[in-house]
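Undergrad: These are the residues of each chain, in order.
2 protein chains.
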Amino acid sequence: MNSLNEITEFIKGRDNFVILTHIYPDGDTLGSAYALCRALRTLKKNANVLIHGDLADKYSYLEKDMKEQVFDCETVVTVDIASPSLMGDFREEYEDKIDVCIDHHAANDMNARMKYVDADAASNCENIYRLIELLDIEIDPALADCIYTGICTDTGCFKFTNVTPDTMRIAAKLMECGCRSAEINRVMFDTKSLARINIEREVLNTLRFYADNKIAVVYTTRDMEKRAGAVDQDLEGIAAIPRQIEGVCTGVTLKEKGDNYYRISVRTNGDHDASMICGKLGGGGHFAAAGCSVNGTLEEAIKAIVRACVEELGR
Amino acid sequence: MNSLNEITEFIKGRDNFVILTHIYPDGDTLGSAYALCRALRTLKKNANVLIHGDLADKYSYLEKDMKEQVFDCETVVTVDIASPSLMGDFREEYEDKIDVCIDHHAANDMNARMKYVDADAASNCENIYRLIELLDIEIDPALADCIYTGICTDTGCFKFTNVTPDTMRIAAKLMECGCRSAEINRVMFDTKSLARINIEREVLNTLRFYADNKIAVVYTTRDMEKRAGAVDQDLEGIAAIPRQIEGVCTGVTLKEKGDNYYRISVRTNGDHDASMICGKLGGGGHFAAAGCSVNGTLEEAIKAIVRACVEELGR
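So the sequence lines, in the order shown, correspond to chains Y and C. FYI, the numbering for the first sequence is 1 to 315, going by our numbering. FYI, the numbering for the second sequence is 1 to 315, going by our numbering.
Derived by calculation from the structure, the hints in this document are not laboratory data. Check before you lean on any hint, since a few could be wrong.
[To be verified] In silico DSS-like links for lysine-lysine, alpha-carbon gap of 27 Å or less: (1) C:K58 / Y:K226; (2) Y:K192 / C:K192; (3) C:K192 / Y:K303; (4) Y:K214 / C:K192; (5) C:K303 / Y:K192; (6) Y:K214 / C:K226; (7) Y:K192 / C:K214; (8) Y:K257 / Y:K226; (9) C:K12 / C:K58; (10) C:K173 / Y:K173; (11) Y:K257 / Y:K12; (12) Y:K12 / Y:K58; (13) Y:K214 / C:K58; (14) C:K214 / C:K280; (15) C:K192 / C:K280; (16) C:K45 / Y:K58; (17) Y:K45 / Y:K67; (18) Y:K173 / Y:K214.
Required output: the full structure, derived from the provided sequences and hints.
TA: So this is what it looks like as structure tokens:
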């Protein structure tokens with residue numbers, strides 16, 4: 001582990017940055033990457049962001065007025081990537097060439113020349129904010145928007161248990177820098193695609209309860225997604241639905257990703273450890289939110305994850 | 001208008017406080033009242049809160065460990081009450097005896113001996129926080145919970161346009177005082193009764209679009225409510241659903257209230273005037289949120305309100 005000061009000094013001496021984001025990109029990995037990219041360009045350095053797939057429409061403001069630059073990569077930075085398996089398409093080319101890893105996942109197991117992981121940061125964008133402060137860069141509204149995006153999306157708009165006083169104070173500063181916080185909140189938290197509405201309805205139809213209604217399970221299948229016209233981004237946040245139900249301690253969402261292959265998200269109310277539950281099935285994550293993958297039929301996958309949840313409930 | 005300093009000095013010289021809240025009590029009037037009451041008792045003064053009806057279960061922590069005190073009222077304070085008409089049951093006895101009015105509604109028209117209205121405050125609890133700072137009272141966790149409650153409920157958990165950097169900084173300080181922010185957020189924003197989940201699913205099944213998908217309509221019937229096991233509080237906020245859909249300018253929600261009788265809520269995205277739409281059918285309200293009632297069958301009611309929406313869209 002390095003200090004943020006060490007990383008700041010290292011970055012100052014380098015150029016030609018490639019910034020890598022994780023698969024299934026979310027607001028925090030994207031916000032971190034575009035914020036850092038903008039900051040580096042402000043320092044007259046070359047920098048590009050690499051993402052998986054196209055940038056979703058709702059995130060398009062992150063790259064506003066930015067053009068891809070042409071240069072030979074000299075410095076590789078990963079943001080919000082906890083594990084090489086989350087590097088996706090970038091793993092083969094970059095896994096052994098990572099210069100700087102900046103993250104906020106306690107279980108980070110990346111190999112990098114320099115590494116800064118602050119697991120107390122609600123979002124990785126808070127680490128990026130501190131780095132940008134140390135780099136002594138003035139935060140303009142576009143940069144503020146990028147940082148704010150990661151903070152608000154990783155905290156459910158300042159709702160989750162991970163929020164700290166620092167989270168709130170950094171958001172206050174970003175608002176003073178001109179970030180369009182209310183507009184970003186509206187897009188992230190108060191706008192749903194029709195496909196999202198359709199898939200929500202389908203998901204609610206799958207609701208089942210276990211363990212005296214303490215465990216709630218929902219799922220999506222590829223057929224359901226097709227009927228709803230839903231793509232990946234329409235499914236974001238679906239995992240929050242079962243845990244919201246009054247009295248539910250553990251909410252489980254299964255997503256059919258292939259033939260007899262399910263990606264599972266677990267959310268807990270803070271009394272039970274989601275990362276322990278998912279760990280039993282080879283996954284991991286945070287205390288209140290974690291994930292794993294299971295091979296088998298839908299019913300087998302449900303049985304396996306419910307068993308893991310029940311074990312954790314009984315601890 | 002008085003300064004908060006003047007009000008602080010006035011309060012220091014008084015005792016035996018009755019603190020009044022508005023009808024249909026929300027988190028901000030309740031949080032303001034219980035926070036002020038706790039602060040005054042810390043100063044060894046007598047103080048009680050008066051509310052309309054019973055304190056809802058989800059707010060019960062506000063009055064934790066507090067007992068009603070017995071004293072003759074000397075000082076009357078109103079919190080978050082914008083107008084005498086919102087004093088409800090308390091109007092007759094107290095309207096002409098208000099010593100201090102503390103509020104954050106620009107249109108406040110209360111008569112009071114001393115008055116402090118800060119319309120830039122996202123919540124009245126922010127005014128109460130400043131008053132408590134001036135009274136030089138240490139904020140314990142229970143007091144912090146009360147103040148936080150008003151701030152988070154009046155801002156949609158820091159989501160709405162009314163949030164300021166000060167809002168965020170006050171929340172940061174309250175967290176440092178030990179407020180149970182995440183737990184309060186969970187109760188206020190992330191908990192849905194099973195009946196609510198059921199009625200949401202039913203409501204989504206009624207979704208229809210008009211005018212090139214710019215108008216979205218949903219409805220609830222008494223049968224649907226019965227099937228879902230839903231009571232009035234389960235239906236709170238349902239009217240926000242159709243307007244959240246991407247591309248929708250006007251969201252309409254019809255609620256069957258009797259035989260061939262529908263209560264209609266209209267929400268707009270801010271480009272169209274909901275009060276004009278509802279005005280055509282004898283109702284009214286605000287620019288972005290209004291309501292009216294219609295006699296007729298469900299299809300007749302939908303036809304009437306859609307026609308009114310289309311007219312407003314074309315303006």
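Undergrad: Taking the hints in turn, state whether each one holds.
TA: Checked hints:
Simply put, K58 (chain C) and K226 (chain Y) have alpha-carbon atoms about 39 Å apart, too far for the 27 Å limit, and the pair is violated. The hinted pair formed by K192 (chain Y) and K192 (chain C) meets the criterion: a straight-line CA distance of about 19 Å does not exceed 27 Å. Of the supplied pair hints, the one linking K192 (chain C) and K303 (chain Y) holds, its CA atoms being roughly 25 Å apart against a limit of 27 Å. About 14 Å separates the Cα atoms of K214 (chain Y) and K192 (chain C), which keeps this hinted pair within 27 Å; it holds.
For the suggested pair K303 (chain C) and K192 (chain Y), the alpha carbons sit about 25 Å apart, so the restraint of at most 27 Å is met. Proximity of K214 (chain Y) to K226 (chain C) is assessed by CA-CA distance (about 24 Å); at most 27 Å being required, the pair is judged to hold. Between K192 (chain Y) and K214 (chain C) the alpha-carbon distance is near 14 Å, which keeps this suggested pair within the 27 Å criterion. Between K257 (chain Y) and K226 (chain Y) the alpha-carbon distance is near 13 Å, which keeps this suggested pair within the 27 Å criterion.
The hinted pair formed by K12 (chain C) and K58 (chain C) fails the criterion: a straight-line CA distance of about 32 Å is larger than 27 Å. Proposed proximity of K173 (chain C) and K173 (chain Y) is supported: the alpha carbons are some 15 Å apart, at most 27 Å. Between K257 (chain Y) and K12 (chain Y) the alpha-carbon distance is near 42 Å, which puts this suggested pair outside the 27 Å criterion. The suggested pairing of K12 (chain Y) with K58 (chain Y) is violated, with an alpha-carbon distance near 32 Å, which exceeds 27 Å.
For the suggested pair K214 (chain Y) and K58 (chain C), the alpha carbons sit about 19 Å apart, so the restraint of at most 27 Å is met. With a CA separation close to 19 Å, the supplied pair K214 (chain C) and K280 (chain C) stays within the 27 Å bound. At roughly 34 Å between alpha-carbon atoms, K192 (chain C) and K280 (chain C) are farther apart than 27 Å, so this suggested pair is violated. Note on K45 (chain C) and K58 (chain Y): the hinted pairing is violated, with a Cα-Cα distance of about 53 Å set against a maximum of 27 Å.
For the hint linking K45 (chain Y) to K67 (chain Y), the alpha-carbon distance of about 14 Å falls within 27 Å, and the restraint holds. Distance restraint check for K173 (chain Y) and K214 (chain Y): the Cα-Cα separation of roughly 40 Å exceeds the 27 Å cut-off, and the hinted pair is therefore not satisfied.
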